[in-house]
Amino acid sequence: MDFRLTADQGDLVQAVDKLAEQFANKPTEFRGFALYGEELDKELENAQYFDIAQVPELGPLCAAMAVERLAQLPYAAETALSMLVRPQLSGDWPRPFAVVENGRPGRFVSKAATIIVIDDDDVALARPAAGDVEPVESLMAYPMGRLKSSVQRTKLPPEEATNVRKWLRVALAAEISGLLQAAVASTVDHLTQRKQFGRPLGTFQALRHRMAECAVLAGGVRWLALKAADSADAGDAALAASHAQESATRIAYDLHQMLGAMGMTLEHPLHLWTYRIKALLSELGGRGGQARAVGELCFG
Amino acid sequence: MHFAWDPEQQAFRSTVQKFLAANLPPDWESLAHGPGSESQTVFSKSFCAKLAEAGLLVPHWPKRWGGRDADPWTAFILAEEMWQAGEPRGGQYMNVNWIGPTLMRYGTEEQQARYIPPMARGETLWCQGFSEPEAGSDLASLRTRAEKDGSIYRVNGQKIWTSYAGQADTCFLLARTSVGKNGISIFLVPMDTTGIIVRDIPSIIGEGDIHEVFWDNVEVPSSALLGAEGQAWEIIRIALSLERVGIPRFALAAKMLSRCVSMLKKSGRFGHGAVEQAARARGFCEAARFYSYSIVDQRQHGIQTGPEASAARFATVMAERAVADFIVEHVPEALSGGEPMLMAHYQRAIVAGIASGAAEIQLNLIATELLRLPREPR
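Listed in order, the protein sequences are those of chains V and Y. Counting along the first sequence from 1, when you hit position 211 you're at 211 in my numbering, and nothing is skipped either side. Counting along the second sequence from 1, when you hit position 268 you're at 268 in my numbering, and nothing is skipped either side.
Treat the hints loosely; a few may be bogus.
Said to hold, decoys possible - Pairs of lysine-lysine residues, derived as DSBU-like cross-links and limited to a Cα-Cα distance of at most 35 Å, are as follows:
no.: 1; chain 1: Y; residue 1: Lys181; chain 2: V; residue 2: Lys278
no.: 2; chain 1: Y; residue 1: Lys181; chain 2: V; residue 2: Lys195
no.: 3; chain 1: V; residue 1: Lys26; chain 2: V; residue 2: Lys155
no.: 4; chain 1: Y; residue 1: Lys18; chain 2: Y; residue 2: Lys181
no.: 5; chain 1: Y; residue 1: Lys63; chain 2: Y; residue 2: Lys18
no.: 6; chain 1: V; residue 1: Lys278; chain 2: Y; residue 2: Lys148
Since the hints were derived computationally from the structure, they do not count as laboratory data.
Work out the full structure, taking the sequences as your base and the hints as a guide.
Written out as structure tokens, the structure reads:
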């Protein structure tokens, strides 16, 4: 066990940081929920960042680091499935990816070249044609869409389906980790700058302690997400996703509460992260679904 | 970055586990009422002596003091295995974790020669005379006085909530030699010195754990002063940073959770509600584990640990509470004449947020030093 970054890992983190810096700020004129990062997606594609996990010196751990870093941006791009799940599939499936779970609308579905279709215990892959999908208006702060018709699917054999579920959980945990970090940082900025009763809000212990608890939870999510990406263990993946959804549920309201009315505006970017977090709370069966997996995989 | 254990680390863990299997008696779990209990203290004397003989008591100490200069990971793997076995070292874990290393850094040759070898042989138990009736989290306001009187100091005052004082041979005492935070000094005082009176405080956390200690004109030689007069604050800041992730409480919490789940599975009671709560508790245990590991990793690479240690402490509080909640809700029979280890764990879950600096102090440190929020006015 060694938590220092290797030279390759350090280079990768620096490079992703540099790329991310260009997309660090929400456009001032944007007043909405789904700020899609089309340019970000193109840049990542051009620089082959979606193939990080396949590079032996980097692997899924670096892919997870990239996912959590990019999730901290105000722009949403489909990174987690492409970087962490796609490399696990047999055959060549084009990106962007999306998940449709039991027929519900899903993130990036209207933009997806490959859809992972989950119906209860079955996992299948589909390549939708243009008319098979449509965008839907949503509060989820991702571009959401739905499958209009029953597209042709390739059902995955049980072993591959289990593996896909495992990496979907790692992807979910890594993305929530990044979103939590960005939401915490954004709220810390507000508490530092906003003054009431003649002093910054961040000097009031009632807020300091809650903020610190949120930060501890977010840090725990990060550790479990990275551990799961490195170990590729199904139990670790289930636990990482479970802890991510559990912690995110606790944090999201608290952060908005601390932002007060400022957090209700579409001008402030906090909702871009918190409403993405909310979109992820229901995925893969939500906390109940992850708990069942933890119960089976982590307790002998 | 990688999370897998190195072969040497795995081998060391296996060595410790084998030692425990060979040296814990069959009725160990019924003895294990917590590190402060009389049964555990008595047992720890013979157990720690065997650990010392096997080179497993202080492997991370320098060779000069009976160790083999093993790295921080070795020390922590050892601590994990001991704590999750119910801490058969009793209160001696404090010697190993921070009292010994603090004496090595700040003690005189005479103090080192007198106190460190018995620790390395597993023969001695210490207590820490820190908290007072009017000085808990606000430790700097402590009032116990040590007044210079020729070649001695005369100590008067009262300590409270002192762990292990009833069984301890020596006290790591904080006392005031002048005013202010920089007027606090440390004295190493044998507990059989005339004028020290110890009273057990019956507590919800089990037997022998907390005490009142009265200091009535206790004569302490100048040679008992650790470091310089007024140096206590500097010394205990370093000592407590070792202690902050010194006890791997998450390891026992995770083990007790697994035990509860096995019990429920066997009796067909691991239903939906229990599964969800078990997953939640396990998440907190593992989050605390990796927070703590990150601090050990910093030590391993010579990085001064910062506010992350407070985050590790608070994550551990969450883990202990989540497991205790699970026990009381899903395995309540264990708390009524059932499993001694589960009872002991349940009793002590409350300690994680209070001992070694209250959780609220940790949260303030996280807010100021990790999140860089502006300080609260004083």
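Structure-based check of all given hints:
1. Lys181/Y <-> Lys278/V: Not satisfied, since the Cα-Cα distance of roughly 47 Å exceeds 35 Å.
2. Lys181/Y <-> Lys195/V: Measuring from Cα to Cα gives roughly 31 Å; hence the hint holds.
3. Lys26/V <-> Lys155/V: Cα-Cα ~40 Å, so violated.
4. Lys18/Y <-> Lys181/Y: violated, 47 Å
5. Lys63/Y <-> Lys18/Y: Within the cut-off at roughly 24 Å; holds.
6. Lys278/V <-> Lys148/Y: Given pair Lys278/V, Lys148/Y is violated - Cα atoms ~64 Å apart, limit 35 Å.
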